[in-house]
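Undergrad: Using the sequences provided together with the hints, build the complete structure.
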Amino acid sequence: MELISQHAKRIMEGCKNRAREAGLRFQDETLEYIVTNRDLLELSPKIMIPTLYDYWVQDVEVLRESGRYELYPNNPYETVINTRPPISYYNDNNPDWLNVMIFYHVIGHIDFFQNNLFFRHTWDYDFNSRALADKRLIAKLRSEKGRWVDYVIEFSRAIDNLVGYFDLLADLGQEESDRSLSMLDYYFDIFLQRGPRSSISLYSKEIDRFNRMLREYPEDGETRFLKTITEKHAELEALYTKKAKEKKVVGRCDLLQFLMEYSPFLNREENQWMLMVMEVIRSTSLYFQPQIRTKILNEGWASYWHEQLFLGDDRIKGHEVDFAIVNAKVTSMPRVGLNPYALGMRLFQYLEERADKGKTGLEYFQTTDRDQRRSFDRATGKGRDYIFHIRENYCDSMFINSFLDQDFIDLHRLFVVGKRMNKEKMTWQYYVRSRKAVDYKQMVADSLYHPPRLEVNATDNNILVLNHIFEGKPLVRDFISGVMLAVEFLWGGEVHLFTSDPIPVKVDQENEAQGKEEKPKRTTSWKRFRYAVKEGKVTRTLAE
Amino acid sequence: MRGTRSKADQMAEPVMNTLQELYRSLEARGLSPEQRQVIERELGQTEHEHLYAPPPPAPSLYAYNDLDVLQQMVPSPVASMLAYQTLDHLLQRDLQREKDGFPRKIRMGKLVKPGRDGDDKVVVIPTTVEEKFIHGQIREESEGGEEGEEPGEGGIGEGEEGEVIGEQPVHEEQGGGEGGPGQGQGGAHELESTIYDLGRVLTEQFALPNLKDKGKKRSLTRYAYDLTDRNRGFGQILDKKATLRQVILTNIGLQRLGNLDRIDTGNLIISPRDRVYRILSKEKDYESQAVVFFVRDYSGSMAGKPTELVVNQHVLIYAWLTYQYQNQVTTRFILHDTEAKEVDNFQAYYSMQVAGGTQVASAYRLVNQIVVEEELARDYNIYIFHGTDGDDWDTYGEEAVPELEKMLVYASRVGITIAENGFAGSTRSEVEKYVTKSGLLESKKELLRLDVMSKDSTEARVIEGIKILIS
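Residue numbers (the numbering used here), protein chains in the order written: chain A, 1 to 544; chain B, 545 to 1015.
Please note: incorrect hints may appear among the correct ones.
[To be verified] Straight-line C-alpha distance at most 27 Å; calculated DSSO-like pairs for lysine-lysine:
hint : chain 1 : residue 1 : chain 2 : residue 2
1    : B       : Lys999    : B       : Lys1011
2    : B       : Lys849    : A       : Lys537
3    : B       : Lys999    : A       : Lys534
Since the hints were derived computationally from the structure, they do not count as laboratory data.
Bear in mind that the values here come from a model prediction, so they are computed numbers and not experimental data.
TA: What follows is the structure, encoded as structure tokens:
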């Protein structure tokens, strides 16, 4: 790995100036490296972070299954990584014009990393340096604890997709979240609303009474009010003190954090070192979470800008045709398939155009006439601002759900492809299943990364209970026992997992005789199962 | 291959009828309720013929990445094998895991098919998978290979709703054999060398037994005579170029060549020892020493785990034999449901989907027929490994057992693996019953082995099974 030549670096700096003029915002320093095939072999298992900790699985071919992206919330072949400064990788024989295109693409990514709010928690430190420190930590621990370090890494990685990424974001968003609970808060927020039948009228009556008292006695209205309620409810004070003492429970949906906080095994003196390893795994996972949740946006944004800026760049005039060929490969929609670069870029272009015409406001949506809608143009010129706003505030699922509408589908003639077998010709036929925006949106949404959500709890007799929130899909059964064993090790005791498994309902025999058009109706019913692991044995029982 | 394919296509249509006929004829002879259940279950799955796996899904949206689309820079996984730690090291670590009380992690014999545009290579390498809680598809649909409620894919362009926009043959062309220029050979070699390595590892690390030298078998080395060796002074054919080189060398040695730009050939001195001849010599010409028949039941009841277990085990056995015979192994692959057919490479053997009924006898008959027609018994050690779930419409082995007996006359080892499909509950499967009943397991103990494993068996159990089959 070596730095790019001074010549190429000069071109990169020129690209940065042009990108800044266009409105992108990113830090000054960047690092660009030339990588060989050999470097890539070493970098890709480390997800392109050169300083990532060592782990033996990186040396083994990991089964590349179709659901692979579900297992790893990161892309092994990213061109630019979200570090400070950002590091990007290049082939050593790229012609200048191609480098210009890639530089713009990279700058698009850097701008996205450094401005999109879903990356908020990665803004304040350099992951590359942190990874280096972690790598040294793990190497040191390994010299003391030997292979047990690798076991802890392995078991932590088994659950590293169950981190509370959104909790982390939520905490970052709240400035002062540690305002302690006052007696008054407790009375209104918890006490009055407890029980199955909390009365709304009582609640509003109390609010009124409170406000009245504040008005009548501006000096000490609150104390007076408190006095009345403590007199009325003798138990209130005791309940409040109990509540105030309760520690805030962390990691309800973050298994790693929950274990680190509450596992009796990990909190033993001799096992404390494991917490450090787990924190490394957890922070690494959290660092990569936004990346997979903004694939379409991020690639779309970078593609939008490399096209815009390349075509406006005076330094490489004459290479438009070369550019067109490469750009077409990158940003064309395949006849069958989903290219995030193409989809994202088209959506940005579409939204910019709409915003330019003012088609994003109330006035437009209140226009019901089809013709008027089509020719609606307020010439607001707000297109750029609008897409900058989107790049700052959206992630893939929001992006898809908010903006994939029928106009867009029709404009680009998108459709959902279905597959069926033609038995006469023995071929798989691909056909247009639907051109409805609803279906297309559903199809894209279904293919987005979505780890399962597990609620974590511990019972009084020290059993860890994981409750899988059912969302219409089962957990991959083959993996369950492996993960359960890992969690058992980290918890140091019995673990229960509640999840739903499909029970296939028999094929209706009648249907089969009706010829080939009629596909056999297959329905599934869902049953709740309990997987329990105790002393290395996993059992599965019906839980209903 | 083409021949087999077209035959399979022709069979596709009337297959249902013949199966029904077969069923009726079996019924006429009387069937117990359990047997009827088994047969009807498989009949239910026969509406489609054996298929190759459903068409590969278009790449997921997360499969796109910058290095690939912008710079075409993704190292091939085959090359990346160079970067791996040595197998021994990995396996040692794995062994240690077992001692520490955790299940083994390294898996062997998984097939990876890297490469795009048909230049696929089949390589066998150590793999692992990092298990996590992730969402999966509903099982039934992913195995059936039929159109279910599977999520669609994106598309763009012309076409009305419902209009067919493209077709893909169900029988995927096998790209491996004919590859690009210079590819085919290399690709095949890749498989051989890794398979050999795998065999060595299996033998050493998993303590699979070495083959006993069979003293009685005739020597399988053959000699061929060829004009390949060189000899100075005398021989059959003068090698002019080599001779001339020798002459020059001699004259340089004698310092008779002053000016190398203008050599006066008239002045060269020629010694008798300078004449280089080609001479007829004896060359060792190895024949394949072993031929291995892999027989797989691909009937409907084999869906899922049983098939995976059987195929996995067969890869491992193949690896082990390759090592034992120093690469001198020929393999034949046979698939059967109620009919048996031969396919010509492992890829096809591996990827055919299950469907149809089961008649074990058909496969045994085909093996016997091949052995007789090609006179294999004379020159080869013959091994036959059969993987099935144990269901057989021929409940009492009336046809299978005689064929099996025939087989045992020439075979060095017949190994039958029964990977239970778990449908029938805890009762023993038909194949197990009739093989045990025939008494062959006792009388031909040296030649016939039977191993029964549950469908939830692990990799370790599969390797254990190999020990039973081959020791």
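Undergrad: Hint by hint, note whether the structure agrees.
TA: Hint by hint, here is what the structure shows:
no., hint, result
1, B:Lys999 to B:Lys1011, "18 Å, holds"
2, B:Lys849 to A:Lys537, "21 Å, holds"
3, B:Lys999 to A:Lys534, "23 Å, holds"
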